[in-house]
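**Student:** In terms of UniProt numbering, the sequence shown has 27 at position 27, counting the first letter as 1, and numbering is strictly consecutive.
Hint data in this document are derived by calculation from the structure and do not stem from the laboratory. Glycine included, every Cβ here is placed at the ideal spot set by N, Cα and C. Treat each hint with caution, since some may be false.
What the hints assert, rightly or not - Pairwise CB distance ranges, derived in the manner of DEER restraints:
#  : residue 1 : residue 2 : range
1  : 78        : 134       : 35 to 43 Å
2  : 133       : 89        : 17 to 25 Å
3  : 71        : 141       : 26 to 34 Å
4  : 61        : 13        : 33 to 41 Å
5  : 50        : 22        : 13 to 21 Å
6  : 64        : 41        : 15 to 23 Å
7  : 127       : 15        : 27 to 35 Å
8  : 99        : 65        : 34 to 42 Å
9  : 17        : 40        : 21 to 29 Å
10 : 78        : 133       : 35 to 43 Å
What the hints assert, rightly or not - In silico DSS-like cross-links for lysine-lysine, where the CA-CA straight-line distance does not exceed 30 Å:
#  : residue 1 : residue 2
11 : 130       : 114
12 : 87        : 130
13 : 114       : 8
14 : 87        : 8
15 : 114       : 87
16 : 8         : 130
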Amino acid sequence: MAAMRFAKTIEVPSDPETAFAYVADFANAHLWDPGVVASRRVDDGPIGVGSQFELVATFRGREQQFLYTVTAFEAPRRIELTGEGAKARSIDTVEFSPSASGTAIAYHAVIQLKGARRIAEPFLAGTFAKMGEDALAGLTRALTA
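Build the full structure now, drawing on both the sequences and the hints.
**Tutor:** What follows is the structure in structure tokens.
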């Protein structure tokens, strides 16, 4: 089975440094992603490769806990985070580039269900895409305010 994928680019008026810093601090995720009910950093120090964040996400009415680890960090251009949960694994790659209006943010997410749940992936792709759209709408609002 292929993993579920979501990709979209948004434009925000913030400069790349501000946008990158906000997104890279995944403890902010609950502020812009309506599918995340709680998010917090679980380690200390500057954010970079190895930094970890605990997120509680809702999916089809059920809460799922994920531990996200920063796996690539190229400020202020690119960050990649890998989230591990009991039922799924997610890889989020976010790229930032200057644009005429501020910053273009290209968000790519790949989620793969674990175990026997993988057979449901084709049926959940639409739900996953809606979650991605809602998250980016929230991110746009957060970085426009």
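**Student:** Please go over all the hints and tell whether each is borne out by the structure.
**Tutor:** Going through the hints against the structure:
no., hint, in the structure
1, 78 to 134: 35 to 43 Å, "violated (23 Å)"
2, 133 to 89: 17 to 25 Å, "holds (21 Å)"
3, 71 to 141: 26 to 34 Å, "holds (27 Å)"
4, 61 to 13: 33 to 41 Å, "holds (35 Å)"
5, 50 to 22: 13 to 21 Å, "holds (20 Å)"
6, 64 to 41: 15 to 23 Å, "holds (19 Å)"
7, 127 to 15: 27 to 35 Å, "holds (34 Å)"
8, 99 to 65: 34 to 42 Å, "holds (35 Å)"
9, 17 to 40: 21 to 29 Å, "holds (23 Å)"
10, 78 to 133: 35 to 43 Å, "violated (22 Å)"
11, 130 to 114, "holds (21 Å)"
12, 87 to 130, "holds (19 Å)"
13, 114 to 8, "holds (25 Å)"
14, 87 to 8, "holds (25 Å)"
15, 114 to 87, "holds (5 Å)"
16, 8 to 130, "holds (12 Å)"
When the structure is compared with the earlier hints, violations turn up for hints 1, 10 and for no others.
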